[in-house]
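Here the protein sequences line up with chains A and B, keeping their order. Read in order, the letters of the first sequence are residues 1 to 320 in our numbering. Read in order, the letters of the second sequence are residues 1 to 320 in our numbering.
Certain hints may be false.
The list treats identical chains as interchangeable, and a pair is accepted whether it falls inside one copy or across any two copies.
In the DSSO-like style, the derived pairs of lysine-lysine whose C-alpha atoms are separated by at most 27 Å in a straight line are [said to hold, decoys possible]:
no., residue 1, residue 2
1, 68, 124
2, 84, 176
3, 69, 176
4, 106, 176
5, 124, 2
6, 176, 240
7, 84, 316
8, 106, 177
9, 264, 124
10, 190, 240
Just so you know, the hints here were simulated from the structure itself, not pulled from any lab data.
Number of protein chains: 2
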Amino acid sequence: MKLGIDLMGSDLGPSELLKAVVRFLNDYPVDIVVYGSDEPMIHHQRLTWVKTSQVMEMEDGPMAIRRKKDASMVVAVEDCIANKTDAVISAGSTGALLSAAVLLSKPLPSIERPALLANIPNAKQTVSVFCDMGANSSNTPDQLAQFAILGHIYAKSMNHINQPTVGLLNIGSEQKKGDELHQEAFKKIKALSQLNFVGNLEGRDLLSGNVDVIVTDGFSGNIALKTVEGTVSAFGQLIKEAIMSTFLTKIGGLLIKKSLSIKKDRYDYRKHGGAMLAGVHHPIIKAHGSSDQEAFYHAIRQAYQIVEAQVIEKMKREFE
Amino acid sequence: MKLGIDLMGSDLGPSELLKAVVRFLNDYPVDIVVYGSDEPMIHHQRLTWVKTSQVMEMEDGPMAIRRKKDASMVVAVEDCIANKTDAVISAGSTGALLSAAVLLSKPLPSIERPALLANIPNAKQTVSVFCDMGANSSNTPDQLAQFAILGHIYAKSMNHINQPTVGLLNIGSEQKKGDELHQEAFKKIKALSQLNFVGNLEGRDLLSGNVDVIVTDGFSGNIALKTVEGTVSAFGQLIKEAIMSTFLTKIGGLLIKKSLSIKKDRYDYRKHGGAMLAGVHHPIIKAHGSSDQEAFYHAIRQAYQIVEAQVIEKMKREFE
Chain A
1 MKLGIDLMGS
11 DLGPSELLKA
21 VVRFLNDYPV
31 DIVVYGSDEP
41 MIHHQRLTWV
51 KTSQVMEMED
61 GPMAIRRKKD
71 ASMVVAVEDC
81 IANKTDAVIS
91 AGSTGALLSA
101 AVLLSKPLPS
111 IERPALLANI
121 PNAKQTVSVF
131 CDMGANSSNT
141 PDQLAQFAIL
151 GHIYAKSMNH
161 INQPTVGLLN
171 IGSEQKKGDE
181 LHQEAFKKIK
191 ALSQLNFVGN
201 LEGRDLLSGN
211 VDVIVTDGFS
221 GNIALKTVEG
231 TVSAFGQLIK
241 EAIMSTFLTK
251 IGGLLIKKSL
261 SIKKDRYDYR
271 KHGGAMLAGV
281 HHPIIKAHGS
291 SDQEAFYHAI
301 RQAYQIVEAQ
311 VIEKMKREFE
Chain B
1 MKLGIDLMGS
11 DLGPSELLKA
21 VVRFLNDYPV
31 DIVVYGSDEP
41 MIHHQRLTWV
51 KTSQVMEMED
61 GPMAIRRKKD
71 ASMVVAVEDC
81 IANKTDAVIS
91 AGSTGALLSA
101 AVLLSKPLPS
111 IERPALLANI
121 PNAKQTVSVF
131 CDMGANSSNT
141 PDQLAQFAIL
151 GHIYAKSMNH
161 INQPTVGLLN
171 IGSEQKKGDE
181 LHQEAFKKIK
191 ALSQLNFVGN
201 LEGRDLLSGN
211 VDVIVTDGFS
221 GNIALKTVEG
231 TVSAFGQLIK
241 EAIMSTFLTK
251 IGGLLIKKSL
261 SIKKDRYDYR
271 KHGGAMLAGV
281 HHPIIKAHGS
291 SDQEAFYHAI
301 RQAYQIVEAQ
311 VIEKMKREFE
C-alpha cells in the first residue's frame, strides 16, 4: 500500500506532520509519498518526497484548485487519481480539499453531494459515524438518504458493526417532526430496506452512543458539532475555575487530575482520525487543521484502514 | 399587578408549583390567580383559585385548544386576554401553549411567526437572549429579522443593555456563509439600522457570552440547545466517573465538590426563568415542564419583570 500525504497548510507545519509519518512507517508496512515545498529532513527507506511549489492556504476558495496546479494538495490528489497512491491525507484547507475531491476525484454516480464523514466518540466509549459534518450548507432529502447509506457502509466496514443503527438528527423523535427537508428525508431513509433505521434523534442524543450512524444535513451537523466544542470549552473553563479557587480545591484537583484526564481521553478527537470525503472515487482524508503528531498519526491510520477495508469499493458498488 | 398561573400539566404536579407561588406572594406585592382542577391546600390573601375541569396533556396537539375549552391553560390564557390578569405562566405542554398564544392572543401585526425567546446563561456569567428556541420547525429570512428585533427589545428592557449586540447563528463567520435562508437573513438583519448587528456566530460561540442576542431559526436553535444539554450530561457523567474511580479521587471530589457546585450554578437554567412566547399580544411564559419550586419561582419573576418593563408594549410599538 502507498499513502500520499500533503505536508502543507496545517497550523503546526510540515515538521509536526512528519513526526507522525515516521511513526506510522515504523508501525505499518506501507510506502509513503509526502508532498511539500521542502525536502524532509528525515530519511526512510519507504518514504519518498515529491517537490511542489505552491501551497493551498486556508483562505483559498474552491477555484484555487484550478489556479494552483502545483499546490501540494492538488498534486497529492492527482497522484491518487492516477493510481500512484492508494489514499490521500491532508491537514490543509477543508474547502480546498473538498473542491479537489469534487472537481478531481469526482462524485460517485448517483451521489449528488459528497459529505464529510467521521467517527465521533461518545459516552458509551464507542464511536458513532457522523455524516455530514458540514461539507454542505444545504441538502435535499435524497442527499440525506445518500449520507445514510455512506454512513452505514462506513460503520459496517470500519467499526465492524454488522447491522449498524441509523438515526436522523431532527428536532423531535416522532416521524412528523421537523421541517419539510427532514420529514421527507425520514421517509426516504425509512424506505431503504438495507438500513437499520431507528428514526429521529435529537441534539441531546448526539454523544449518547445510542446509534451507530448519525445522519444530518451539513448545516445542522456543523451547528451541532461546534456547539459540542463550545460547551466542552465552557465547562472545561468552569472546572478549572472550581479547582483553582482555594488551597483545598487545588489539592482536590491534584487528586482527581489523572483520573479525569484518563476519562477525558475518551473524547480526545485526536485518537479518532480525521474526516473522510465520502461519496467520491478515492480515499481522501481531511485531518484537523491544528493536528499534532498524535492526531495526524490517527488520520494516516484511518486512511490505511479505509484502503484495507475497501470502503471506497463498497461505496462504489452501492452507488453504481 | 395580577399574574395568572396554570397549575396543571407539569412533571412534578400542582403542589410543587404552588410552593413557588407562595414564595413569590411573600416576596412581591402581586395578586395571583391559579387555574387547576383542585382547590389549593394553601390559603393566602392575594391568592385566588379558578376551578377548571380539563388538563392539557403533553401529547395534546395544537387543535386541543379548541377541543378542551375548560383546560386550565386555555382558561388562564383567555383571562389574560380579557385583561383579568397581566401575564400567564404555564409549565404545561409547549405545543399547546404555543397554539394558545397564536390562536387566542394572536401574533402582533407584521409578526409572521411567534418564537420562543429566553435568556441563556454563558461563560461570562451574564445571559444572552436566544430566539427562536424551537417554536418553529422552519423559518424565512423575514422571520429571522423579526426575531432579531424581538430579541433586541428583550435584551434592552429585561437585561438592561443599552445597545445590545445581535448575532446570527450560522455555520461560519463570513457574510456569504450558510444556506440561502441564512445569507438572506444576514442581509435583512444588517439592514435594520436600530440594531447593533455584529454578524454571524458559530455553534462554538453559543455559551461564550460574546453577544447579547443570538438569532436563530427554530430548527437550528432546537438542535443547538439540545446539543448543549447532551454535552453537559455526557461531561457530568465523565466527571462523576473520574471522581468515583479510586479512594483518593473520591477525597479529591469531596474537596472540590462545593466549589464546583458554586461554579455550575452559573449555568443553572432554573435561575433564569422560562421562555417567553415572543410576538403575541400578551405576556405568556412557558416554564420548563420539569420545573421544581426554584425554576417556577423564577418563571413567575420573569413574568413579573416583563409586565413591569412593559416588554409587550414595546414590542407592539415596534410591530404596529
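How do residue 106 and residue 176 come out at 27 Å by Cα distance, when the copy is not named: within, between, both, or neither? between (35 Å within a copy, 25 Å between copies)
* Asked: Under a CA distance limit of 27 Å, which applies to residue 84 and residue 316: within one copy, between copies, both, or neither?
  -> Close inside one copy (20 Å), not across copies (67 Å); limit 27 Å.
Query raised in the report: 27 Å Cα cut-off: does residue 176 pair with residue 240 within a copy, between copies, both or neither?
Result: neither (43 Å within a copy, 37 Å between copies)
Intra- versus inter-subunit Cα pairing at 27 Å for residue 69 with residue 176: For residue 69 and residue 176, only the inter-copy Cα distance (26 Å) is at most 27 Å; the intra-copy one is 48 Å.
Legend entry - Status of residue 124 relative to residue 264 across identical chains (alpha carbons, at most 27 Å): Both: 13 Å inside a copy, 24 Å across copies.
Item to check | Within, between, both or neither: residue 190, residue 240 at alpha-carbon 27 Å | outcome: Classified as neither: same-chain Cα gap 45 Å, cross-chain 38 Å, threshold 27 Å.
Review point. Given identical chains, is residue 84 near residue 176, meaning Cα to Cα at most 27 Å, within a copy, between copies, both, or neither?
Key: The answer is neither: 49 Å in one copy and 37 Å across copies each exceed 27 Å.
* Since the copies are identical, ignore which copy is meant and state whether residue 124 and residue 2 lie within 27 Å (CA to CA) inside a copy, between copies, both or neither. => neither (34 Å within a copy, 49 Å between copies)
* To do: First find the shortest C-alpha distance between residue 68 and residue 124 inside one copy, then the shortest across copies, and answer within, between, both or neither for a cut-off of 27 Å.
  => neither (44 Å within a copy, 43 Å between copies)
One pair to classify: residue 106 and residue 177, alpha carbons no more than 27 Å apart. Within, between, both, or neither? between (34 Å within a copy, 24 Å between copies)
Violated hints, in rising order: 1, 2, 5, 6 and 10; the structure is consistent with all others.
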